[in-house]
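Put together the whole structure using the sequences plus the hints.
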Amino acid sequence: MLNIPCPHCGLRNETEFHYGAEAGVAYPDPNTLTDSEWAKYLHIRANPKGWLAERWVHFAGCGRWFNLWRNTITHEIGPVYLPFTTQPKMPGNTVQEGPGK
Amino acid sequence: MSEIIFSFDDKMYKGQHGEPLAAALLRNGLLSITNSTYHGRPRGVVGLGVEEPNALVQLVSGTQESMLPATVIEVAEGLSARSLTGIGALPDAPDEARYDKTNCYVDTLVIGAGLAGLKAAGEELRAGREVLLIDDQPGPGGHLRHLGAGLPSALQDVLAHQNLTYLSRCTATGLYDQNYVIAIERRSDHLGSAAPANRARIRVWHIRAGQIVLTPGAFQRPLIFANNDRPGIMLSHAAATYVTVNGVRIFRTAVVTTVDNQGYRDALRLHNAGVQVQAIYDARPGAKGSSVDAASAAGIPIRFRAAVLDTASNAEGALHSVTIQDLDTKDAFEITADLLAVSGGWTPIVDLATHIGIKPKWSEEHAAFLVNHFTDKLRTAGMLAGDFGGDDDPSVFFGPALDAEQARYAYIDLQRDATLHDLRRGVGAGLSSIEHIKRYTTIGTAHDQGKTSGMLTIGALCQLGDAGQGGKPGLSPADVGTLSFRPPYVPIPFVALAGRERGELSDPIRITPLHQWHVEAGAVFEDVGQWKRPWYFAKPGESMEDAVRRECIAAREGVAVMDASTLGKIDIQGPDAAVFLDRIYTNMFSTLPEGQCRYGLMCKADGIVFDDGVTTRLGKNHFLMTTTTGGAARVLAWLEEWLQTEWPDLKVYCTSVTEHISTIALVGPKSRQLLSELVTDIDLSKDAFPFMHSRMATIDGIPVRIARISFSGELAFEVNAEWGYARYIWERLWALGRSYDLTAYGTETMHVLRAEKGYIIIGQDTDGTQTPHDLNMSWIVSKKKEFIGKRSFQLPYLKATGRPQLVGLLPEDGDEVIPEGAYITALNARPDEHGKIPHTGFVTSSYYSPALGRAFALALVADGLSRMGEMVDVPIGKKLLSATICDAVFIDKENIRRD
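Going down the list, the protein sequences come from chains A and B.
First residue of the first sequence: 1, per this note's numbering; consecutive thereafter.
First residue of the second sequence: 1, per this note's numbering; consecutive thereafter.
One or more of the hints may lead you astray.
As the list claims (entries may be wrong) - Now the stretches of chain A that chain B is said to cover, found in silico as 3 or more residues with beta-carbon under 8 Å:
{"#": "1", "stretch": "33-40"}
{"#": "2", "stretch": "60-71"}
{"#": "3", "stretch": "75-88"}
Unchecked claim - Derived DSS-like pairs: lysine-lysine, alpha-carbon spacing no greater than 30 Å straight-line:
{"#": "4", "chain 1": "B", "residue 1": "119", "chain 2": "B", "residue 2": "359"}
{"#": "5", "chain 1": "B", "residue 1": "893", "chain 2": "B", "residue 2": "785"}
{"#": "6", "chain 1": "B", "residue 1": "651", "chain 2": "B", "residue 2": "790"}
{"#": "7", "chain 1": "B", "residue 1": "604", "chain 2": "A", "residue 2": "40"}
{"#": "8", "chain 1": "A", "residue 1": "49", "chain 2": "B", "residue 2": "604"}
{"#": "9", "chain 1": "B", "residue 1": "532", "chain 2": "B", "residue 2": "670"}
{"#": "10", "chain 1": "A", "residue 1": "40", "chain 2": "B", "residue 2": "799"}
{"#": "11", "chain 1": "B", "residue 1": "790", "chain 2": "A", "residue 2": "40"}
{"#": "12", "chain 1": "B", "residue 1": "893", "chain 2": "B", "residue 2": "790"}
{"#": "13", "chain 1": "A", "residue 1": "49", "chain 2": "B", "residue 2": "359"}
{"#": "14", "chain 1": "B", "residue 1": "836", "chain 2": "B", "residue 2": "879"}
{"#": "15", "chain 1": "B", "residue 1": "836", "chain 2": "A", "residue 2": "49"}
{"#": "16", "chain 1": "A", "residue 1": "40", "chain 2": "B", "residue 2": "836"}
{"#": "17", "chain 1": "A", "residue 1": "40", "chain 2": "B", "residue 2": "785"}
{"#": "18", "chain 1": "B", "residue 1": "784", "chain 2": "A", "residue 2": "89"}
{"#": "19", "chain 1": "B", "residue 1": "790", "chain 2": "A", "residue 2": "49"}
{"#": "20", "chain 1": "B", "residue 1": "783", "chain 2": "B", "residue 2": "893"}
{"#": "21", "chain 1": "B", "residue 1": "785", "chain 2": "B", "residue 2": "757"}
{"#": "22", "chain 1": "B", "residue 1": "836", "chain 2": "B", "residue 2": "784"}
{"#": "23", "chain 1": "B", "residue 1": "377", "chain 2": "B", "residue 2": "604"}
{"#": "24", "chain 1": "B", "residue 1": "783", "chain 2": "B", "residue 2": "757"}
{"#": "25", "chain 1": "B", "residue 1": "757", "chain 2": "B", "residue 2": "799"}
{"#": "26", "chain 1": "B", "residue 1": "377", "chain 2": "B", "residue 2": "101"}
{"#": "27", "chain 1": "B", "residue 1": "539", "chain 2": "B", "residue 2": "359"}
{"#": "28", "chain 1": "B", "residue 1": "784", "chain 2": "A", "residue 2": "40"}
Stated by the list, open to error - Every beta carbon over 10 Å from chain B, so not counted as near; a handful from chain A, in silico:
{"#": "29", "residue": "2"}
{"#": "30", "residue": "6"}
{"#": "31", "residue": "10"}
{"#": "32", "residue": "45"}
{"#": "33", "residue": "49"}
{"#": "34", "residue": "50"}
Hints listed in this document are in silico derivations from the structure and should not be mistaken for laboratory results.
Since this is a predicted model, take the numbers as computed values, not measurements.
Positions of the beta carbon are idealized from the N, C-alpha and C atoms, including for glycine.
Structure representation (structure tokens):
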């Protein structure tokens, strides 16, 4: 279980949070998109092996949404940042604690 | 230690308090204590702890827990147990013991209180850190305990340190991301009948540690040879421990078979305890070391390049003699013995490390998979890290070459009765991955999860290839890799995971302020989410059907009352509230005048209907949204997500007020007349107070908000008041209602009434794939504004034909209420080329309507809206019902009754 640093409440167990997939996918102007571009917005999110900036909400705590960098292989958590603030740089590669599947 | 009496298989035996049940059974001469699960072969104790593959017992005393190895049960006053043949039974009586959970944060968690663990704990303490030390044994020392030796004084100091917490009988069952560990501590069984009644039997520890030191130790490995499962064949370390530490005196003559120097040390312990060790058969070409010299000096015959090939039993099925094979000449000879002590090398316990994805590495030198992991968060030490602490010098040997007949009784997994023969069949069937072989043979799938059999399987697989008997030649265990171990490391009773959250405490119960009234009125309740809602109010002698019919008639012909307080309510305020609601709902809310209500539908961005409800504009910048009873939390989270992550520029604040405001629905043609007796400060007439309007009023001075909202199609008033006033208002209505024959109704009647009007319930009449258009609700979709989901209605698949659409359904036989969920097929449909009859939809809601005098239903039918009047079939078991597709509104299509 992840230990997630809520920017408002500090380190809390993953069970208090809901996951919100890739961060930084803005709601597009629906009327300027083709059907396939709109379907891509609806259904396609990055799911890389490695670092991913993703959205979380402290559902059972303060109820606030925030973003963080997480390594999907090592579950290492990088910088945490609030919505509408500048995204911090992707953390550097660290030693992998174990190969992912 | 004190002598006590315990019961096993209904016989009384003497035992020492605190010793393993396995030791007590052996000392009492019970070499064979059970039969194997599938082959029915006699079996006895093999190991020392949780790795035990044979000696499973069920507790008869206490909680009657099943599938426990006799090696881990401690003998205590009042202990009663019986043997199991691999399959446990749940006790009939509920488990009344207490189970607890606790959370814990610690600088350093050390798993394993053996020498390596204690040493690591000492280092951590010296570095100024707080340490939690857990170990599954009754006491610290690990290997030293098995030697019957005490702790050196330096390690006793570690245990006594004020910054160290030591938990015995505490097993780490899972290691998870970011140094999270779950452990179960067994706290009372070892005290037997002396255990305090209020002590939690098992405590589940949720531990988050800054650092973890893994020193779990190792299990000794058996070897593969024919008939290697007989009582009397034991791991050498277990046999020597039971003999020397627990005073087991039932073995007179022993044979030791070994691949390392551990066999010599154990042979010496047996020899020194008076067991006649006939010989040590060592698979290696030679051996060096102090233990080898000592065994030799003690006069124990030693023979190299020799191993056990087969065994024979006495009349009771226990070991009688051993066939030894010269590994070079293949010559064999027999030797009698009542104990065969097997030392097949060590298997370090890699389980916890693999839980978080660490791959153990094969070490030819150790003949074992090791985990050498050193980060600032997690490190390994002791045998797991390759520190075997002696001069073991093991060879990579898992057993001699066996012919087909011998392989049938050469057991790899004793609990599963899985043999070398089974493994060969698996390889013969083309399987090469250890994971596939595990599933094909069932090796490693029993209660012990392959603690002794896993490594044997890997070894046997390699030997098979080398012998040209299938698979690849030249395979090393490094190529095969270990099995993936998953939590839990040992079985955990579900009841321990539940803790105190059982029965009434398993889930919160939410009740309305009218709950007690409903109880006193004899309501039958149904669970809606966590809410208790009255389902129907049966009078004495009434069936549910009778009660619902009476309640429906009262609502349609007289006046009836329902507790609607569970409706989700969200208070929405702010200068941009109206703009916000326009974006959330498919229809317009910014145009809604103050003091009026509007039904709204909301979709997700993919155009699928998500929730619905009536929202009232209480002021220019103030709305009260209602949601479905089960959807309140979901909807609030949805609103917050958009406000926080997409539209931070909107000044809008959302607050859940579900439990602040109670709602009483007064329904029926006589509702206005009844309410006017109670509410005298506003005009309730049709013209002064139109449908979908909201008015503030008072009842006996209590402020209330009355809204003309109807979920039945009848004239209806919703009376909203602060939660605490609900019972007073309800009882006032009830007293005044006596002369109107006021009838209380529950959710079932509510469902019938709403379905008669074709009003949907999200989640019942939708299955998460319907757009508003599919529900024949295009009228609620605004063409003038943007809202969430609008763009998706242009996607080809949501515009395509063949989509399920909401329609009504009238069964041919008006007395037949079609079961909800029933499939609908075309009339007289014939099977297609696959012999299947395709369905064309399914029934979502189905009731008997007293107003219609017949059964009716709502259904999702492919292109249903353009199939009005079409007959369809509804197969129910062997019956085939017919029904006609019709409009989903069955009553008062003109909406006259609501005024």
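The hints, checked one at a time:
1. 33-40: holds (count 4)
2. 60-71: Three-residue rule met by the stretch 60-71 of chain A, so holds; n is 3.
3. 75-88: holds (count 4)
4. B/119 x B/359: The given pair, whose Cα atoms are some 25 Å apart, holds under the 30 Å limit.
5. B/893 x B/785: Satisfied, since the Cα-Cα distance of roughly 29 Å is no more than 30 Å.
6. B/651 x B/790: holds, 23 Å
7. B/604 x A/40: Status holds; Cα separation ~15 Å.
8. A/49 x B/604: Holds. Residue 49 of chain A to residue 604 of chain B sits at ~29 Å (cutoff 30 Å).
9. B/532 x B/670: Given that 30 Å is the threshold and the Cα spacing comes to 28 Å, the pair holds.
10. A/40 x B/799: Cα-Cα ~18 Å, so holds.
11. B/790 x A/40: holds, 16 Å
12. B/893 x B/790: holds, 28 Å
13. A/49 x B/359: holds, 18 Å
14. B/836 x B/879: holds, 17 Å
15. B/836 x A/49: Violated: residue 836 of chain B and residue 49 of chain A sit about 43 Å apart, past 30 Å.
16. A/40 x B/836: Roughly 35 Å separates the two Cα atoms, so the pair is violated.
17. A/40 x B/785: Holds: residue 40 of chain A and residue 785 of chain B sit about 23 Å apart, inside 30 Å.
18. B/784 x A/89: Violated, at about 42 Å.
19. B/790 x A/49: violated, 34 Å
20. B/783 x B/893: holds, 25 Å
21. B/785 x B/757: Measuring from Cα to Cα gives roughly 29 Å; hence the hint holds.
22. B/836 x B/784: Given that 30 Å is the threshold and the Cα spacing comes to 46 Å, the pair is violated.
23. B/377 x B/604: The hint is violated at about 42 Å.
24. B/783 x B/757: holds, 26 Å
25. B/757 x B/799: holds, 26 Å
26. B/377 x B/101: Judged against 30 Å, a Cα distance of about 25 Å means the pair holds.
27. B/539 x B/359: Judged against 30 Å, a Cα distance of about 67 Å means the pair is violated.
28. B/784 x A/40: holds, 25 Å
29. 2: The claim breaks: residue 2 of chain A does not keep its Cβ more than 10 Å from every Cβ of chain B (closest is about 6 Å).
30. 6: Holds: least Cβ distance 14 Å, greater than 10 Å.
31. 10: Residue 10 of chain A is indeed farther than 10 Å from all Cβ atoms of chain B, at 12 Å.
32. 45: holds, 13 Å
33. 49: Holds, because the least Cβ-Cβ distance between residue 49 of chain A and chain B comes to about 13 Å, which exceeds 10 Å.
34. 50: holds, 14 Å
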